[in-house]
Structures are given as structure tokens and as C-alpha cells.
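**Q** Each of the two chains sits in its own frame; use the hints to bring them together as a complex.
Same order as they appear, the protein sequences are chains Y and R. Using the numbering used here, you'd call the opening residue of the first sequence number 1 and step up by one each time. Using the numbering used here, you'd call the opening residue of the second sequence number 1 and step up by one each time.
This list has only true hints and no planted wrong ones.
Short, incomplete list of chain Y residues facing chain R, as computed with Cβ under 8 angstroms:
| # | residue |
| --- | --- |
| 1 | 22 |
| 2 | 70 |
| 3 | 72 |
| 4 | 91 |
Since the hints were derived computationally from the structure, they do not count as laboratory data. We put the beta carbon where it would ideally sit given N, CA and C, even for glycine.
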Amino acid sequence: MHPTRQRRLLLIVALLAAAALATTLIALALQRNVAYLYTPSEVLKGEAGGHARFRLGGMVAAGSFQRAPGTLEAHFNVDDGDAKLPVVYTGILPDLFREKQAVIATGHMQGSTFVADEVLAKHDETYMPKEVADKMGAAHRKHGVDSAAEMPGPN
Amino acid sequence: MLPELGQLALILALLVAALQAALPLAGAQRGIGAWMAVARPAAYAQFGLVVLAFGVLTTSFLHQDFSLQYVAENSNSLLPWYYRITAVWGAHEGSLLLWALILAVWTAAVARFSKRLPPDVIARVLGVMGLVATGFLAFLIFTSNPFARLLPAAAEGRDLNPLLQDPGMIIHPPMLYLGYVGFSVPFAFAIAALLGGGVDARWLRWTRPWTNVAWGFLTIGIALGSWWAYYELGWGGWWFWDPVENASFMPWLAGAALLHSQAVTEKRGSFRGWTLLLAIAAFSLSLLGTFLVRSGVLTSVHAFAADPTRGLFVLVFLGIVIGGSLLLYALRAPADETGAPFAASSRETLLLVNNLLLASACAMVLLGTLYPLLADALDLGKLSVGPPYFALLFTLLMAPLVLLLPFGPMTKWQREQVSRPVAMLVPWLGLAFGIGIVAFFLAPQSPWKVAAGIAGAAWVLAGTLRFVWTRFQASGARFTPEMVGMTFAHFGIAVFLIGALLVEGLSQQRELAVAPGQEVTLGAYAFRFDGVARREGPNYVSDTGTVTVFSGDAPLTVLHPEKRRYAAGGQVMTEAAIQPSLQRDLYVALGEPLGGGSWAVRVHVKPFVRCIWLGALLMAIGGFVTATDRRFRRKETTA
Numbered sequence: 001m002h003p004t005r006q007r008r009l010l011l012i013v014a015l016l017a018a019a020a021l022a023t024t025l026i027a028l029a030l031q032r033n034v035a036y037l038y039t040p041s042e043v044l045k046g047e048a049g050g051h052a053r054f055r056l057g058g059m060v061a062a063g064s065f066q067r068a069p070g071t072l073e074a075h076f077n078v079d080d081g082d083a084k085l086p087v088v089y090t091g092i093l094p095d096l097f098r099e100k101q102a103v104i105a106t107g108h109m110q111g112s113t114f115v116a117d118e119v120l121a122k123h124d125e126t127y128m129p130k131e132v133a134d135k136m137g138a139a140h141r142k143h144g145v146d147s148a149a150e151m152p153g154p155n
Numbered sequence: 001m002l003p004e005l006g007q008l009a010l011i012l013a014l015l016v017a018a019l020q021a022a023l024p025l026a027g028a029q030r031g032i033g034a035w036m037a038v039a040r041p042a043a044y045a046q047f048g049l050v051v052l053a054f055g056v057l058t059t060s061f062l063h064q065d066f067s068l069q070y071v072a073e074n075s076n077s078l079l080p081w082y083y084r085i086t087a088v089w090g091a092h093e094g095s096l097l098l099w100a101l102i103l104a105v106w107t108a109a110v111a112r113f114s115k116r117l118p119p120d121v122i123a124r125v126l127g128v129m130g131l132v133a134t135g136f137l138a139f140l141i142f143t144s145n146p147f148a149r150l151l152p153a154a155a156e157g158r159d160l161n162p163l164l165q166d167p168g169m170i171i172h173p174p175m176l177y178l179g180y181v182g183f184s185v186p187f188a189f190a191i192a193a194l195l196g197g198g199v200d201a202r203w204l205r206w207t208r209p210w211t212n213v214a215w216g217f218l219t220i221g222i223a224l225g226s227w228w229a230y231y232e233l234g235w236g237g238w239w240f241w242d243p244v245e246n247a248s249f250m251p252w253l254a255g256a257a258l259l260h261s262q263a264v265t266e267k268r269g270s271f272r273g274w275t276l277l278l279a280i281a282a283f284s285l286s287l288l289g290t291f292l293v294r295s296g297v298l299t300s301v302h303a304f305a306a307d308p309t310r311g312l313f314v315l316v317f318l319g320i321v322i323g324g325s326l327l328l329y330a331l332r333a334p335a336d337e338t339g340a341p342f343a344a345s346s347r348e349t350l351l352l353v354n355n356l357l358l359a360s361a362c363a364m365v366l367l368g369t370l371y372p373l374l375a376d377a378l379d380l381g382k383l384s385v386g387p388p389y390f391a392l393l394f395t396l397l398m399a400p401l402v403l404l405l406p407f408g409p410m411t412k413w414q415r416e417q418v419s420r421p422v423a424m425l426v427p428w429l430g431l432a433f434g435i436g437i438v439a440f441f442l443a444p445q446s447p448w449k450v451a452a453g454i455a456g457a458a459w460v461l462a463g464t465l466r467f468v469w470t471r472f473q474a475s476g477a478r479f480t481p482e483m484v485g486m487t488f489a490h491f492g493i494a495v496f497l498i499g500a501l502l503v504e505g506l507s508q509q510r511e512l513a514v515a516p517g518q519e520v521t522l523g524a525y526a527f528r529f530d531g532v533a534r535r536e537g538p539n540y541v542s543d544t545g546t547v548t549v550f551s552g553d554a555p556l557t558v559l560h561p562e563k564r565r566y567a568a569g570g571q572v573m574t575e576a577a578i579q580p581s582l583q584r585d586l587y588v589a590l591g592e593p594l595g596g597g598s599w600a601v602r603v604h605v606k607p608f609v610r611c612i613w614l615g616a617l618l619m620a621i622g623g624f625v626t627a628t629d630r631r632f633r634r635k636e637t638t639a
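With the rest of the complex left out, here is chain R (with noise of 0.2 angstroms):
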């Protein structure tokens, strides 16, 4: 009976949405206020609806409701109950449920928080939102309804994706659908303008700190995806420019280039349509990622069963999304260049030269990652892009971004003499030459990426310091949390320099046949592999190796990766253990074994891995300061 409710929710939320959509959007081109005033409620009641639907799916999950195609599928007897929760949405059906959820948590927030905006304008934005609702709940509805029933019921489930069962999985979809459905108020927002005629500032101040919270989960997403990539697949790599990831990175680039866009438009009045282009751009994006996950056109860690007609309707939502915004903007963009008039040498230019690089390394990720979907269509032949080709574009775009950022918070709007800012920072680029040359010498491999990313790191670091100074020296100057959250932001790329390209440079690994009691030397540790043994695990039996790590003479720890067979699917998962610290992880993963107590075995020094993860953390913090100053909230008209 439960599951009805669901589904009754569910055909009751799409009917909703329509509503919101409909009326609100048509009251507001025909000035007819009680219509607009729909918006809301409907909005809330959206809310409830999908929210119920939602908890009613966990609860199937939770009672292990096998009557439940989906539940049967994803769930099995042996399942510890956190699990049974993150199976919700560990596979298409249920992660496009968390996705219309999120929507409907970002459209309710909307509502709320939007008291000061005019009646038109809400209404606009919430009708976007529900279009896009709309088209979510529906295709959630026809092609991949969750509630669907198995008669008869399943005696027991298939189980969760063995590679899914892991706390990192817990958070790291939600987080991520958190930024890339938070990157539809933005875009709401800016198809609200194009069909009102106008961006004021006062709702691009509105709508600044969504971006930037949008922004800060995407970024979370995506590090908890790679730190996730890392110790789950046991291959030690951190990021592998696998289409998936590409689709995860390609709103992050665009995001980021919006933030900064967003800034000029709404302190100078530049930028206007770039502005509004971006945000369709940053939310397309997204929904290009979600079809490009979830319609199995691409071969990937994440690509499941594909179904043409899923396809299809992704296709066609996403041409009418995509087509639709485009086409409303090419007809109503605004036309004027209304913003202040800026020199070439000003911070504005900075910030076109910013998201130009940004705009340019999201197309290239872009171009990669359809190509061998077009080289498909057009008959060349099955193939694909390698990652050093993202590796080398995407190295020579962020080059200069890196050597400009500092500039760019000391730089003055509009018109700026060069000599100021270089003068100032110049001793810090020096300063960071000087460290570069001396890691280049120290450096015992890959010199040249050592240098670059400790040069790189010491410059931001100091760049950015440098400003902090700055605004230290400047008599009644003040830190507002846009400053600080920028501060954070810039540092965290400080880090994540440091992190990505120590550990492309100092990595060390090697894979070889040991038998129990011979030891593995690796730089400064010596791994001594003791032998595997059986252990029984809730719905998994593991050979659980154990390998003691020396320094020199010194035993360090002793560390356990297994090699798990689950019970229901038989699927083997390796299992890698690592001993963390932030100069560097040890890592090691058994292979298979090859008779006679011996197996092969996978050991890695990773030196500042964790930069990685630490620096996107300080970038996500970042956006998410900056989203508290209380600029964006000040009072213009009454509520």
C-alpha cells in the first residue's frame, strides 16, 4: 500500500509542478497578480509532495520491500540498514528521485528567501524552476518510475553495487546534484530577466550568493568523487578524465567562471549578457552531465544499463531546455552594454581574461568528451580521447589563470595604473621563481612539475596574502565576507597546486608477486607483506592481507587491504588501506592471489595527496563565506 502513496505523491508532484510552471509564468506576462501569487504554495506543496514520495522510497528500502522492482534490484537481505538508505539512490531511478528532491528543496528555499524580490520577478523564477520540475518528475514518472511493482514479490534482492557500498558514496551524490541543481536558480533567474527585459542589479545581488552555495556542494561533489575514485577502485589515481567525471567538471568550469562574471556585473554593470549566458551555460551543462551519466551512451564507471527510451526523452528535455534558453536569448539579450565604461588595464579586464581561460578549458573538456560520441554518429570509427589531452590543454589554459590570479583582487575597477599592482606583487613572483628553481634542484623526480606546482602555489599563496595585507594597511578598510570567502577560495587553489602536481611529480608505485614474509622497498618504507587470512564480513567474505610498513629500521603501522567476494552478485572488490597524513599516504591493494600464500600486490607513496581533497574543501568554504555577506540580503524595498 506504502509504495502507492509514493507513486500517488509522485503523479500528484508533476501535476503541481505543471501548475507552478503554467500560471505564474502567464501571470506575469499578462500582469495578472493572483495568478503569480500561485507560485509559492505551489512551490511548497511541490516540496511536500516529492519529500513524501522520497521518504516513502527510503522506508521500502529500510523494510526491505522486495515487491519493489528497484528495491529488489538494489537491495538485499544482508544489507547493514546505512547502506539500505544510500541504495535509494544508488542507480538510475532513484538518483533521478534525489535529483527532482534537491530540485524541490532549492525551489522551496527559493520561495522562502525571496521576499524581497517584485512578484513579477518570483514568479518568473519559480515557473522556470517548475518547468524544469516538470520535466523531471515526468520523466522520472514514464520512463523510470522507482515505485514500479515486482509481482511476485522477490524472495531476496540482487543487491547494492558493491562499489557503492561505502560511506564516501553516503554524501557524495547529494552533494553533488546540491550544486548542479543549485545551478538552476541562477539560470531560473536569468531566463526570469530575459522574458522580463532587464538584469538589475539588485536581483543579480539576489541571486549572487545561490551561485556561490551551488558552486561550494558541486566543488564537495566532485572532491568527495575523486577521494572516493582513489580509495575505492584501488588503482591509487585521483582523477582519471573519465566521461563521468568530465560531466561533473564542465558546470564546476562554467560555475566558476559565473561567480566571477557575476561580481562585475553586479559592481559595474559589465558583462550583462556574458552573464546571463554563462548561467545557462552552468545549468545546461548540468543537465548534459545528468543525461550524459544516465542515458548509458557513455562507457564509464558510472554508465548502467542503457534504455533508448531514456535517451531519447533526456534528449529531447535537454534540446528543449538548451534550445529553448538559447533562442530566448538570442531574441532578448540585452542588447546595451549599459556598464561603466573600464580601461584594458583594469580589474574588469582581469575578470573578461578569468572567464575567457575558464569558458575556453570548459569547451575543451567539452569537445573531449562528446568527440567520441560524435566520431560514433558520424561513422569514424569507435574510439576515445586520452587523457593527456586534457591534461596538456587543460595545463596550458590554467598556466595563465594561475600567473593572473594574484592581480586580480589588487587591480582597481575600471582604470588601473600597471605599474601599482606589479610593484607590489613582483617581489612574491620573484620570491616564488626563487622557490620553484630550488625544488627543481631538490626535486629526486619530475623536476619540472615539482617546481611548477610549488612555484605555483607560493605565488597564489603570497598573491592573495599579499592583498589581505593590503587591506590590513588601508586605513577603515574592512573585510567583508565576500573578501574573506574569496581569501579561502584562492588559497584553497594554493593547496590543490600543491597537491595535484606533487603528486603527478613524486608518486611512487610498483606492482609485484610477493610471498608471504618478503619485503617491498619503496623510497624511504619498506612494506613487509605477513600473509592473508579469511574473514567473514556481513554480506561479504574477505581475504584480508596484512602488510607492516617500516621506516628505515622502525616498524610504522600495519596496514589490512582486503579483497571482498559478495554474497549476492559474487562481484570481488578490492579493498585498498591506507595510512593517511598530510606530507604523504601510504597505499597498498592486493591484487589476486597466485598460489602458494603469494599475491600480487599494489604499493604506492603519494606525497600531499590529501592537498587535493583539503584544497577543494577551502574552495567550497570559500563560496559558501562568501555567500553570508549580508550585502546580497540588504533591504531595498519592503518586504
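In isolation and in its complexed conformation, chain Y is listed as follows (with noise of 0.2 angstroms):
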């Protein structure tokens, strides 16, 4: 073979192997760290059941917050209108975390409890996470807290 053409050969064959080795890095890291996103109704069908680490999104039940005294053990449930799922998280909470408002919280199950590592709070007062509001339409409305009734007005 040609020389030139030789080495164009090898070029290509060594992009080729490139790219494949590129394409599974990328695929095994994309499967290793996605995390999905599911509601309370959801888990309990069992949806969930295949992933062990995901994220549960919804509101925070109101009246159900509790801290365990002294330590930062927090208790809540969260909520998609048409069931529960009890949350703990031990640690801070984001500033607009409240009762009544929407949250999305990334861990594991623990028998019936969503064991939480992260827990996220929409971050103004018009926002809502768009996935949680897409994934739980008419649950949400079913609450009235539809983002309209949330805005405060000018006062």
C-alpha cells in the first residue's frame, strides 16, 4: 500500500477505536448517573422498583414536617394528591423549603421510607421544578395551589 495511504488507514482506524471507546465511556457513565424522576402514586405502584437510587418529586404534605428534637433529623411526607410517601433527611433544607410547596428530593427507598441525600426546593416564588409540575397536573390542581393563586401580589 501507498504510504500516504497507509497512514491515513491507520488515521482512521485509530479515530474509529477512539470514538467506540468514547461511546462506551459515555454510555456506561450516562447509565450510571441518571437519575429518574417518580411521584409518591408512582413509587408505590412500584414503578420505581427497578432503580435504587432516584428522585420523588411533589409537595410537602402540610402538617406532616417534623424535626426530631436536638439533631437535624427531619420527617415529611410528600405528596402528589393521590398519595404519600414518608421522607427523612438528616440536614439543612433549602431556604424555600416549606409545607405546601413543591419539592424534589434525590435517595433511596428504605423499606416504606424515602431515605433523602438531597432535597431541592423550587427557588422563587413563581417557580415550580417544571418536571414535577408536568408530572403531576391534575394532582395539582386538585390542591389549588396552581402557580396563579401562589404569586403574591404587589402589596
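**A** What follows is the structure in C-alpha cells.
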């Protein structure tokens, strides 16, 4: 083979190998680090069963928030209008964490409790995480907490 | 009356921008000098009109004109005057106006500093920038008008999002946009070259400083954003691989690749097609970033209420710009590689590897950022991609880049004996490795990260110093600003490596409930919680904590972390208290009251966290210094 062609062929083979390696690595890394979002009713139906670690989205149920005295262990229920799931989280909650507000918790199930290692709350008064809003559409309205009702009027 | 003047100015700016696009582009194609000559005056006129519109909006904020919907939504009579100015770009409409303003600034600068370019080139470059401006101004006027009236006027405004009431926020968006929009210059140049059919080394030399300056601003913008997130969000993190951070990081990576590839094309004539493609990519990713942040398709700190018409508009605009330029590239890209041939062992090859790694990193971030959108569109479920994906792959891609970095400047163009740069650098590689091993055994925790950070930094630092020394030794050699800039930027990488890996490895943090008088020990420091007192701010009420920090038995400092409740929205904000120093930050944030005077408190010790932003600053300085090289402004033809 002509030396230029040979070099070019080598280059193409090397590039293909690199691309294959990169694709495999990316696919593996993606697969291991993707967290799906479920609502409590989906979890109770067993839809999240396949994933050890997932995200739980919904509203913090009214009157469900409690802290174990002297510690940062927090207990609350996440509610999507049809079902509730108890959540436990140890640590400081975000500033916008409140009852009757949307949260997304990341963690895993332990028995019938969701053990969260991260809790995110919606970050301003008019904002609701889009994915939660999409997921909860109907359930949301049932609770009468559509975003318009939440907007603080000019005071 | 004033807002209508702003509205009028904006509409006129749109018309002028359309003119600036249409006539010069058509004129350049047909060779009509008079049409081409429209470009410059149109650029100046557009600049004047957008400045006027922006000035009007700023004045409305300063005067608290709550008959403007945008002002009423983002200001409040209690808001201090300096935050009224930053509130101009605090939300969607105003930040787009800022985008348009900065594009007008860059356009006017190009018009001013392009005397040496042939008239058809400058007509095309300004024409393409005019096209971009037309798209953005139309977007502003038709979907996001900042001058929309609110009738009857509101008695009081809703206030600026408290997260944005912060000095860092004053300069973060302008810096970021200066970078984003600055990439429109190499982009416009690339399109002009494709339209005109020829990449001339002279024009490339002319665009290089623009790319460097834009990249420098983008670096500062991203660093400010990271710094702001660090102290304002109260979590003590400096990078979250949040979609919006990724949106600004992708053009940065593409821009970094472009800087290096432009150098090769300008000096050796190689990589022409690739340089054009990167210029298109850097600006397209900037547009994509704007789209991701502004359309509300992503769940993020920055994604405000979504409006489907806006999303559609930006999507169409994005499709036209990216699709159009890629189509043009496919049709007109220079097919012949006319550059000087180079051997496998040469600086060209090393820079090619640099570009491949940076481009792969960029593609990896793009995939991770868009994957959730893609999965949602394909009905694969709602998911998010976790930071470990980005962190792992980014580390894998950047490790070879750091390893090869010092070889680049030491290797000759075209052909190099592998043994020469290797012989010069191996002792330093050995030294860095040795330091790494020592660090591995001395590190109190995460020995791998600490060793990698210190060894990597030592290697880049020593290797770059070796280059400086070689230049000094070479007789008659001088330091061009280009070399000084490169040295600065590479030092910046060393400093950044120290910061990033040492923070990741050595940070200590605790979250716990404390009663007044109670002490928390963290590493060599003891934090004593002295209780919380109420305090009034201009537009908020604050619970201000007092925390005394001891190093051994000696009191070191007193920190005042705050929990603020803003009057207008009732929003609660954490203000972390930080005692900064180069070696470590002491960081205290208040959680929530737990009753009986006790509070949830988060304490961090963050070693070398300042090096992260210092490194970024050095990189930005490198970009600016490079741009001052007189070689880029050498006169070849008389103006």
C-alpha cells in the first residue's frame, strides 16, 4: 500500500477506536448517573422498583413536617394528590422548603420510607420545577395550588 | 412618555439592523461599493439606538416607573439604587436587552477597528452581525418587550429576586454576555470567509485578538458565577454541573479550542476548515446557552417562568443560525488543505490533540445537558444526569491535556525530534511526580485527589517555567505579548488545578444543631455559636448570627451569617459568612431556628478555594494580554 494511504488508514482506524471507546465510556457513565423522577403514587405502584436511586417529586404535605429534637433529622410526607410517601432527610433544608410547596428529593427507598440525601425546593415564589408540574398536572389542581394562586400580589 | 422613546429606539434599531444585514451582504455579493459602504454607518446607528433604549430602561428603573410591567415585576421602592441598575438585567426581557446592547457594542467596535480589512470582507462581517442583531431585536420586540406598559400602574413593585441582590450579580451577566456575544465576531468572520470563498491568514490574524478578548470575558463571567453560587446559595459548592453552568461552559470549551486552532491556522495555514467550524460552534453554543437559560426548558436556578412562544422563537432562530451556517459550511468549506505539511511529532499534532480533547469535553457536556430533554421528548421518562457523570468524564479527558500541556510550547512547528522536548521536560515531570507522592502520604484525606492536584499543578507550573527559561536563554529571542499571554493562561491552569482538586479533596464540613455557647470543632478550628439577633436591613429583616472562630485557643475571627426575609416577596435568603484567605476559607451558614435559641448551622473549612477563581482570572488575563500583541494589528495594506 502507498505509505500515505497506509498512514491515512491507520489514522482512520485509530479515530474509530477512539470514538468507540468514548461512546462506551459515555454510555456507561450516563447509565450509572441518571436519576429518574417519580411521584409517590408511581413509587407505590412499584414503577420505581428497578432503580436503587431515584428522585421523588411532589408537594410537602401540610402538617407533616417534624424534626427529631436536638438533631437535624427531618421527617415529612411528599404528596402528589393521590398518594403520600414518608421522607426522612438529615441536614439543612433549602430556604424555600415549606409545607404545601414543591420539592424534589434524591435518594433511595428503605422499607416504606424514602431516605433522601439531597432535597431541592423551588427557588422563587413563582416557580415550580417544570418536570414536577408536568408530572403532577391534575394532582396539582386538585390541591388548588396552581402557580397563579401563589403569586404574591404587589403589596 | 420616556418608555415610548425607548420603544421607538428599539424598533428603529431593528430596522437599522435589518438594513445593516441586507445591503452590505447583497453589495458584497454583487460588488456594489455603495451598498457595502452602508455597513459602518448602520453599525454605529444601531449602537446609538440600542444604547438609547437601554438608557431609557435604566432611567425607568432609577425613577421607579411602576407603569412599566418589567419595572414593576423586578423592582421595589425599598430597593437600593445600585440594585435598581442591576435589576435592569435581572430578568428575561432586560437581560435580552443587555445581550442586544453588548452585540451592538461589539459591532460598533468591529466597525471602528476594521480599517485595514478589504471593504467586501468588512461588509460581510458587519452584515452577518447585523443578521444576528435583527434576530435578537425581533425576539425582544415581539416576544419579550421590556417597555410593555402596565395600566393602571402598580403602586408598588414586586422586587428583584433576592438571590440577585448581590454585588457579584452586578457584573456577572455583563461579563458573561461580553464573552458569549464576543464569539459573534469570529463567527461573522467565518461566515464572511465562507461566503467570500477564502480564508486569508491576514483576516485570521485580525480575528484572533477578538476571540481572545471574548474568551477572557467569558472566563471572568463563569468564574464570577461560580463565586456567586459559592457564597450566595449557602451550600459552599463552587460548581454543580447545573444545566445553566454547562450552557456557559460549552462555549468556553469550544472557545479555548478555537484560540489554539486559530493560532495554528494563522501561523501555519493548517486546520482551516476546522477553525471555521469551531468559530461557528463557539457562537452556536453561546446561542444555545441563551436558549437553554431563557426558554425555561431546563430546571435550573436561572430558568424563570416559561413562555412557549419565546421558546419557539429562539428555537427557530437557533435553527436558522446553526443550520444555515452549517449548511453553508458543508457547501463552501475549503476542501484543499493548503497548510504547510507537518510530521506526527510537531506542535501542530499536539495542538490537534488539544483540540480533540477540548472538543470531546464540549460534546460530553452537551450530551449530558441535553440528554434529559432528549429523553423527555422521546418519552423515556423524566430524568436528570448526575454530577458524577460530568466529573468522571471531564477528569478522564482533561488528564491527558494537563499531561501534554507543557510539551506544546516546547515543541517546534512542522517537525520535532521527540527526544528534544522530552529531555528538557522529563526532570520536571519527575519532580512533579515526586511532589505528588509526598502529597499522597501527607494528605489527611482523599490522598488521590490531593496528589493529583499538587502533581498536576507542579508539572504545569514547572513545564511552563521551563519554556520561559528556554526563551530567555535563546539569543535574540524576545517575549511577544502572545507568549506572555499563553504563559499567564497556563499558570492559571496550574493554580486552578490546585484550587479545584484540593477543595474537592480536603474540604471539611458539618451540619448540626447548636445551642448558644456550644462549640463545633472542624479540623484545626473551633466554631463557637454565640446566638442570633434580629436586625433591620433596607428591604429585609435579618436574623444575624454570631460565630466566634478559634484556632487552638486563640480567637481568630467573628463571623456573622444571616438569614434574611425580604419584605416584598417574603422570600427567605441565606447569607453565608466567610473569612477568606488564600490557603483556606472559613464558611458559616445558618439553617433554620430549631426553638429555644438553637439553630441548624453549616460550617465548612475550604482549603485553597480562592485558587479556583484566581486561576480563572489568570487565564482571562492571558487572553487579554495575548490580544495586545502588535502582530495582530500590523498594517499590510493602507487604510
